[in-house]
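S.K.: Residue numbers (the working numbering), protein chains in the order written: chain A, 1 to 575; chain B, 1 to 649; chain C, 1 to 157.
Honestly, I wouldn't trust all of these hints.
Claimed, not checked - Straight line, CA to CA, 27 Å or less: simulated DSS-like cross-link-like pairs of lysine-lysine:
no.: 1; chain 1: B; residue 1: K274; chain 2: C; residue 2: K15
no.: 2; chain 1: C; residue 1: K15; chain 2: B; residue 2: K610
no.: 3; chain 1: B; residue 1: K429; chain 2: B; residue 2: K649
no.: 4; chain 1: A; residue 1: K443; chain 2: A; residue 2: K284
no.: 5; chain 1: B; residue 1: K281; chain 2: C; residue 2: K16
For the record, the hints were derived by calculation from the structure and aren't laboratory data. Since the structure is predicted, the reported quantities are computational estimates derived from the model, not experimental observations.
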Amino acid sequence: MDYQIEVNRNQIDVREGESLLTALTRNGIKVPTLCHMNRFSPTGACRLCVVEVEGRKDLVTSCSSQVEKGMKVSTNSQRVLRARKSLVELLLSNHPDDCLYCVRNGHCELQSLAEEMNIKERKYYGEKNTLYPDYSSPSVARDPAKCVLCSRCVRMCEEVQVVTALDFISRGNQTTVNSAFNKGLNVSTCIHCGQCIQVCPTAALIDISHIEKVQTALGNKDKMVVFHLSPSVGASVAAELKMKSRHLVMQRITYALKRCGASRIFNLGFASDVNILEEANILKDRLENEGSAVPLISSCCPAWVRYAEDHHPEILDQLSPVKSPQQIMGTMAKIFCAEKHELDRENIFSVSVTPCAGNKYESSREENTHKGVSEIDAVLTVRELFQLLRSFGLDLAQMNEDDLDEPYNEASAVAWKHGYSGGKAEAVAEQLFYLMSNGKKEKFKFNPPKNMTGRRETKLNIGGKQLGFAWVSSISEAEHYLQHLKQEGRDDIHYLEVMACLDGCVGGGGQPVSRGFEMSRSRKKICLEMEKLSETKYARDNSGANALFKEGRLEPGNELAEAWLKPVFTDRSSD
Amino acid sequence: MTWSNLNDTRDFLISKVLLNPDRDADTELKKPLSYIAGERIEKTLIYVGMATCGRIAGAEKTYQSIRTYLAEHDIDAELIEGGCMGLCQAEPVVDIQVPGKTRLSFASVTEDKVQLLLDDVLNHTLPDLPLTGQYKSPILREWEQVPYMEEHPFFAGQQKLLTSNCGRIDPVSVSAYIARGGYAAFADCISRFTPLHVCEKIEASGLTGRGGGAFSTGRKWLAASRATSDQKYFVCNAVESDPGSYMNRAIIESNPHRLIEAALIGAYATGANKAYIFVRKESVLAGERLEKALEEARSFGLTGHDILGSGVNIDIVLKRGARAFICGEETALNKSLEGKRAIPAFKPPYPPERGLWNKPTVVNNVETLFNIPLIIQHGPEWFRKTGSESSKGTKVFTLSGKINRYGTVEVPMGTTFDDIVHKIGGGVKNEKAFKGIVLGINSGSFITSDNLDTRVDYEDLNRIGGVLGSGACVVLDETVCMVDLAKFFTAFFKKESCGQCIPCREGTARMLEVMENATSRPSENNSFQTLERFKGVMQLKGLAAVIKDTSLCSLGKSSPNAVLNTLKFFRDEFEAHIFERKCHASVCTDLQFYYIDVDACTGCTACFKKCPMDAIIGSPRYPHFIVQEKCIACGTCYDVCKFNAVVIK
Amino acid sequence: MEEDLGHFFEQFPNKKREDLIPLLQAIQDEEGYLSEKIISAVGRYLDISTNKIYGVATFYDNFRFTPAGRYHFRVCHGSACHVAGTGMLIRELEKQLKVKDGETDKEGLFSLELVSCIGACGLAPVIEVNDQYYTNVTLDSLKVLIESFREKENSAI
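Could you put the whole structure together from the sequences, leaning on the hints where they help?
M.R.: Take a look at the structure:
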């Protein structure tokens, strides 16, 4: 600590150069904020974090003020409390009064603020702006009437995800967050990553809900409802509930879903293993084939794929021609279950539970439906999973455990790696190492750098060659990296893993909302834990996955492989 | 001596005047310069006031008329599209100077008066047309019995320092400007003074920002000059959008070169090699004249690379605003220049530290800048001689509203508002009772009859709880409703709020609703509305306090001023609207009541048929009656009645 | 579309963000308004998201996204004009032309724009229609003016 300042008549320790807000928060003094986001520079826009500083005429925003020696601050004087309360009252005066019918009822930041400020009357009556919802996107629903103009989604979409699918339109009281000419998100530059939902304080941005679809299917006797649980979801649930017996989280969720009427619960991690095996194979082929474009770029992230189609059609042939784990799983499940139970593929309802909002978009892509039968019929984000279980009256904290269903119940440690940035690159590298080591007993060392975000690279000696593996998270990093590779003319990177969400799926657009990105860290920790506890270390040791792979079901020429397992990337850059 | 060759003129002016440090002592220069400046002339000079105020009054037609006359009579005269000398009242203004005699300034010269004017004056006779006066001159013969312009009551109380060229010279001519002393200050700066020295001169003068901020200009420049950076910028804020003022635009149209010179000096002093002049797009003429003036300046080598051989490089770029009042705030202005939404940023850091593209940037107002060449030329002590103890220099106002003589006025700081209204402005129009002056929309402060002796002085105004503002000075009389005016100002802020911060965005909307409730039609049945109206007004002070306390920028902070000041100075009017539901100035039409005069009504049923609310009852040939509860005061009955039987109270 | 706008793009060869507003201004000066196609084309040229461009353009009052009417009323609504009674004229215009500030009527005949301050305060109220200034406008003279435009339109048909 560098020195002390006085806050509310007590001394607190501060560091030179830090913002007042950081210092207060670290010392346990809570100041409300709305527009503030960790990892983003402060704008001082909402004014909620104002405090009184001796010597300054007006109240100052703590997010944009630096600590100074001799500072005397009051965070709860009458003047400050009245100001904060009035600001929230002003927000409420232009906000719909329908909390009871709202998706965020009970976990809305505006509700929390109103409660904290002890607001008990409708002080300001005024005309509320009339704005209409937009349900055009397959992943993200917008209700601008509930927007408090905190700027978080705009900044996320512009600064981190680059595409700026939403921006501030008009001025003053007429300002809205919208796309150009009020067109729907689906014709905008949106890549459906869902990061905007993640950071939205109210229900202005929410999931396109598939809950009703799923509930209806569960209630339909003729339908066989199959759930595909992503291991990342397990990590999220364990983190959210602060579970002690984390290693059983997948079984807990299985138990709960079975009680809802689900026929089968499969482990999406199985498909992750298949995906890794296939991808490493493809990489090996490309490396042996002189003249193939490098790097091979991962394609399991639907938002990234959409971004590439929109802005970089020139790299589409570098995208890995393997479908994402979600789509592989959906395909497998429909075929397996249909065969086993002599059912029509149409009567199987396949639901994937993922931390990804983009998966909803992915499931709706043209190439993922064949003659009316979709590989995935519905996608539930982690948020929707909790909602579904609540509506069925099931409390995960009190569930027992049930095993996931064969034959897709096994998943190696590698499946957990798919959940965070750098994990997939490591898994592919390891599998490639195995393939090219010809049985030599060499130890594989990945050596990734310590930090979690930004572009990372590592060079590995595999099969006598120096191979470069890189991984980026967030579209801004992906864009920078692609520019970097082009400008420097680099050909020493052979595999690039891209995850559109910061930190990877642990920070995915379908996770429970948090704007601090703190949860990503705890979820990743749990993923790492589960990796260590996994009995099966490598994808190739996943007997089921390996068998499937070896059976040649994924070989080209196979009807299945052609129609159901080959991804289609379309140049959308002129749209 | 004629100067027909522009190149000769240029070489002469550059080498003998600009690059000559002893120019003032050199007597050989006086005569040629007086020719170039248009004081000594060889052929008749006709100068038509064609700033925007003149054009709207019809000066273009006057100009064409004169042109036609000169062609028809085969007269070789110099015809100039000029600027405005400040008395916009007199537009269209035509100044005529016949060789050897002083310059005369005629008023209200519409195109039909041109023949009479020229017929007489060209023959050295005075026509029977409004003549404002003659300009004094030590070398020219005077017209008999013609008052002096300088002694005209409008001009007598003024001190035209920075507007000295307005309405006198060809606005875009760089030669005329140099001949009257222009660009000498800049030439001296780059050849004799260091940038730091220039900053210090400005600081010593005590010049403060005239856009309303009133911050020490010199200190701003010093901060930028001290900042270390590979790139610095200098920005001239010519996007003045106060709805009550246009003087920035008027002085740019009349003397764009002074602004260019000031920008060059400022860029040099702060170490910027690029200066932006950001002018309103709607000020079409100002933009055009600046473009032409820049071209001329460029042709004289006064901008660009290695200016006048000094090694100094300064480029001036003209950019046009896209209309948003908030662009007047310096951080928002910078964002607009960068091609973004003009959303203000929190300060500190201040623009001289981190401005345009995060580089040190100084943003100065037009009027502030007009002072710069004069301070450099005559020295900071000269500047300090004008003004009051705490406020140095002059202030330019746009005097308008219910005043007899309106226009652009430059007075020394310390002048009382009483003098401005009654001496310079000639008192309230149509002999109505004076109610007050509103100074600028940001200040919202009012000068009432109780404090007319307040001086144009920052501290004086502070004492009465107001601010000077950018220079709007709108005079109000008994026919103006203060509540309606406050509503107008509040509506302005609501429209112009950038929307970034909660207090201003939502707060201005709520305040406007309170004001609208105060001036809207009372609905007897709706007691809820009445309750809301009272509630709104009582909460107004608290809401205003929060908006002032928490808004991010000065627009937000000053948005409640209009309402608060109306409550303070005109409480009785406010109460009449709220409690009596009456507007005594008869402005708020919603509070007016329509009655039918039974004596005048013939029962023609015209109003009965047209009333959209069926609020009129009556039979043919019998006087009709308006049911107040149903009436919405649309005025249709008043419009259709041919017998003037509908009375509005 | 790009071909039509080529001569505008040529004025801004550096494709910088700071060129956005001047480029939009240049295009609107000639085309009269900014259509969707124009905004998309500008976005492609400057490599900026359409939403961002729309967000910038809608912030400023000068930009319009629908064409102006054949008779475009520009009313000065500065402080001096307001105290001279422009408020009443604006209400009349809104009633008769059936438009609000910034709008064009359904037939594309009339549109309204409020500006401040034109600078003819002593001649207030001031209204400009298609580059022609009308000063000292009263309610009656305004009604006559609107009627004259309507008649002109009808006789033209």
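S.K.: Could you run down the list of hints and mark each one as holding or not?
M.R.: Hints versus structure:
| no. | hint | in the structure |
| --- | --- | --- |
| 1 | B:K274 / C:K15 | 19 Å, holds |
| 2 | C:K15 / B:K610 | 59 Å, violated |
| 3 | B:K429 / B:K649 | 24 Å, holds |
| 4 | A:K443 / A:K284 | 19 Å, holds |
| 5 | B:K281 / C:K16 | 20 Å, holds |
Hint compliance for this structure: hint 2 is the single one not met.
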